[in-house]
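Following the hints, complete the assembly by docking chain B onto the known chain A.
Chains as they are written, first to last, in my numbering: chain A, 840 to 1303; chain B, 840 to 1303.
For the record, the hints were derived by calculation from the structure and aren't laboratory data.
For identical chains, the list gives no copy identity; a pair is met inside one copy or between any two copies.
DSBU-like cross-link-like pairs, simulated, lysine-lysine; straight-line CA separation at most 30 angstroms:
#: 1; residue 1: K1066; residue 2: K1025
#: 2; residue 1: K970; residue 2: K1066
#: 3; residue 1: K895; residue 2: K1066
#: 4; residue 1: K1025; residue 2: K970
#: 5; residue 1: K1025; residue 2: K994
#: 6; residue 1: K922; residue 2: K895
#: 7; residue 1: K970; residue 2: K922
Number of protein chains: 2
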Amino acid sequence: MLVADETEAETIEHLNEAINARDGSALLSIAGEMHYADLAHHYENLDDEERDFFLKTIGPELATDVIGELPWTLIEEALQHFKPAQLRIILGNLSDDDRVDIFQIVSPENQRRYFSLLGPHDEQLTRNLLKYEEDTAGGRMTTAIGRITADMTVKQAITVLRRDQDSAETLARIFVVDEEGRLVGKVRLRDLAFHPWPTMIHDIMENADERVLATVDQEEAARMLSKYDLIVLPVVDEFDHLLGVITYDDAMEILQEESTEDIEKLAAIGGEQSELSYLNTSVQSHFRRRVIWLVALAFVSIFSGYVMFRFSAVLNQAYVLSLFLPMVVAAGGNSGGQAATMVIRAMSLGEVNTGTALRIAWKEMQTGILLGLSLGLVMGAFILFLLPLFQVPQAIPYPKLAMAVCASLLIQVFSATLMGSMLPLLARSIWLDPAVVSAPSLASTVDITGMLIYFSSARLILSL
Amino acid sequence: MLVADETEAETIEHLNEAINARDGSALLSIAGEMHYADLAHHYENLDDEERDFFLKTIGPELATDVIGELPWTLIEEALQHFKPAQLRIILGNLSDDDRVDIFQIVSPENQRRYFSLLGPHDEQLTRNLLKYEEDTAGGRMTTAIGRITADMTVKQAITVLRRDQDSAETLARIFVVDEEGRLVGKVRLRDLAFHPWPTMIHDIMENADERVLATVDQEEAARMLSKYDLIVLPVVDEFDHLLGVITYDDAMEILQEESTEDIEKLAAIGGEQSELSYLNTSVQSHFRRRVIWLVALAFVSIFSGYVMFRFSAVLNQAYVLSLFLPMVVAAGGNSGGQAATMVIRAMSLGEVNTGTALRIAWKEMQTGILLGLSLGLVMGAFILFLLPLFQVPQAIPYPKLAMAVCASLLIQVFSATLMGSMLPLLARSIWLDPAVVSAPSLASTVDITGMLIYFSSARLILSL
Chain A
840 MLVADETEAE TIEHLNEAIN ARDGSALLSI AGEMHYADLA HHYENLDDEE
890 RDFFLKTIGP ELATDVIGEL PWTLIEEALQ HFKPAQLRII LGNLSDDDRV
940 DIFQIVSPEN QRRYFSLLGP HDEQLTRNLL KYEEDTAGGR MTTAIGRITA
990 DMTVKQAITV LRRDQDSAET LARIFVVDEE GRLVGKVRLR DLAFHPWPTM
1040 IHDIMENADE RVLATVDQEE AARMLSKYDL IVLPVVDEFD HLLGVITYDD
1090 AMEILQEEST EDIEKLAAIG GEQSELSYLN TSVQSHFRRR VIWLVALAFV
1140 SIFSGYVMFR FSAVLNQAYV LSLFLPMVVA AGGNSGGQAA TMVIRAMSLG
1190 EVNTGTALRI AWKEMQTGIL LGLSLGLVMG AFILFLLPLF QVPQAIPYPK
1240 LAMAVCASLL IQVFSATLMG SMLPLLARSI WLDPAVVSAP SLASTVDITG
1290 MLIYFSSARL ILSL
Chain B
840 MLVADETEAE TIEHLNEAIN ARDGSALLSI AGEMHYADLA HHYENLDDEE
890 RDFFLKTIGP ELATDVIGEL PWTLIEEALQ HFKPAQLRII LGNLSDDDRV
940 DIFQIVSPEN QRRYFSLLGP HDEQLTRNLL KYEEDTAGGR MTTAIGRITA
990 DMTVKQAITV LRRDQDSAET LARIFVVDEE GRLVGKVRLR DLAFHPWPTM
1040 IHDIMENADE RVLATVDQEE AARMLSKYDL IVLPVVDEFD HLLGVITYDD
1090 AMEILQEEST EDIEKLAAIG GEQSELSYLN TSVQSHFRRR VIWLVALAFV
1140 SIFSGYVMFR FSAVLNQAYV LSLFLPMVVA AGGNSGGQAA TMVIRAMSLG
1190 EVNTGTALRI AWKEMQTGIL LGLSLGLVMG AFILFLLPLF QVPQAIPYPK
1240 LAMAVCASLL IQVFSATLMG SMLPLLARSI WLDPAVVSAP SLASTVDITG
1290 MLIYFSSARL ILSL
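The following block holds chain A by itself, in its conformation from the complex (with noise of 0.2 angstroms):
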């Protein structure tokens, strides 16, 4: 029962138990009353003897299981503890798509090593799938489809996908082909199941107008899915014959994914984003993602110190102007960030695009200035009204003081907005990935630009 938490910490326990005593057939029972995704989660927190132990004592079939749920990180590890009659099994009994995410990134070593140790029509296959990039439709889909032919009966058709059923990963919706193999249509296996026997399935079958070309970007395929609520998209070459599909399961991974790597550029997190889950990311690897980004960022700023050091005479001539000077270049970098940030989550979602930057430019110049002004307006009549309250000392009067800070603050949140929402689209024009216009880097961008709008203004209204 996954729904009681404490059933499931107990059986963890129990798990571990049995892994610590070294008990192979208490591990076995365990194991095979758990998910085989909840094993993989476990998996991760074991050390290198007890994942030894571990995968030996559940044997290559359970492990096929496991193995498909782990990360890419852990797989070819992973793979190493077995002999080659129980990894034959394995590379057997995975599911193509599964099998040819490992081919990708084992050593070639282990690539030729794993390619002997497969059967010749697997063979063949996956060699087939190895041909498209990674990230591709082709890359993710899966070949296990139910086909049937247009002039096929009802019962037919249901001879032919019995003969498939083991094999097929899903039977939600089966494609039809015409006799080279092109996409003509798909039925529902309710259609076939409720369908008088002599029925033909050219005139039950609805045609199947989603479909994606295998070399687009695994991440527009998986927004399709999502969009027409997909259970399985066929995925075709450019005749229009039928690869494989990418089901559902796999177009929720893919959208995670791409909104974590989103959430962490957007941080200037830096690198691949790791499979791993955080905890067993080890320290080097949380490091090294974050580290370049930290260092370039402080190289910016050097420039923000550099106006500051310039105008360190306008500053000795007032010092209440320090007062508001970390506000002024805060503002920017935060609302900068805002507007980037919308930007960059309607990109993801394939909500704008380069051809919108006039209407996304327009909306947010309007948003700035209300924002800017908003801003200007509260600080200004805080300084105004409560400052003389605090009776800081001071060598401005305070009008002065209220408009130099409204004006900059006005200047340097309109400016920061329009720069925020069009960095994103400037970075796609140059094929540049959006997310790089990360929030820290733009707030460093803003940084000085906020300093030289400040003293500017304040030297300007000073000299009034």
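What follows is chain B alone, placed relative to chain A:
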């Protein structure tokens, strides 16, 4: 054909022409060839009069599908375009979960009116479903599923299901209940299609271990669907009575919504996530969702300003110190934001929780030290070896400056990393949303510590 973008753009153009010319028959023929999800997407871009023409032309049947795909902010308004007789058709045609969603958002007055248009069965069903909170599994489930009992034969099961096939949202999994309606197992449609008719259901059914209580959060249900690669997840009450199912497409939608919410909160964008696409969200609404955070954060940064104001004497002693002030401040915001983002995403994916706080703290302390040391050493080296080349006028010996900058970067990055990782856990432990610890709010906070750390270490080292 949805592959070719050209064709899609052309279709949209023809659709627009038909709407502009108020050409009903042209609109009908184009709309008939488009997917309703695309029609719903296009509907957002129409003005009021065009929407009226569009909805009235396509008629209640197609309108039902389109309305099911609209963002909820547009639905109530869309329903106003129909006469009672048409509304009756639309409300009756909607799937039960979509219908409940609509009843949840409309005005009480419209809710009463819509109830009066429902048949007695639909009314009872809707009232039952309305008992569950909108964001729970019960509030999201559909009750339109195939149910059979274990003592049926395959033939009897097929007869029952054939009767229900039009109303059942999915037959990919068929659930087996006992005479009390308690969930006891599941069969796949293919098992019915491929087994001989006299086979007993209890001989071919499998366990249905995965299930959720109707009261659990929808996000938890969606994560379970994703983890176990399920097409449908049964929803039960505390006595295991089968109430309905959550389907894979609901799960995909829920996970996408939650990701968007996380991303927006991390960037300090407040309020309910808008279901409208970016371009269809009004400037007022964009403004409202950003302004409160922006003003609140601005007030926080007055404290940074105050620290700077108090330490102006130190800055005055050596202007060159201002060169590195923005860097130390920004390094805290950046490293803290990175840590907070990693932990918040890991919490969203269910990987970590408050129980693992100590392990997270230990990992982030190590990562923070490594990051602070690297950044400190890089900048120390920069000051010692490169800064002299720029001939910046300055009153502090280079080694002292390097020491001050290096020490404050180490302390600032270490403490910000630790704070960034712990604050989301702290928020969760006092039942706040972890994502309210947005990167900008964290940055504003560590700005203050950064100033304090920098000025204190500078003063200390200058006095040596």
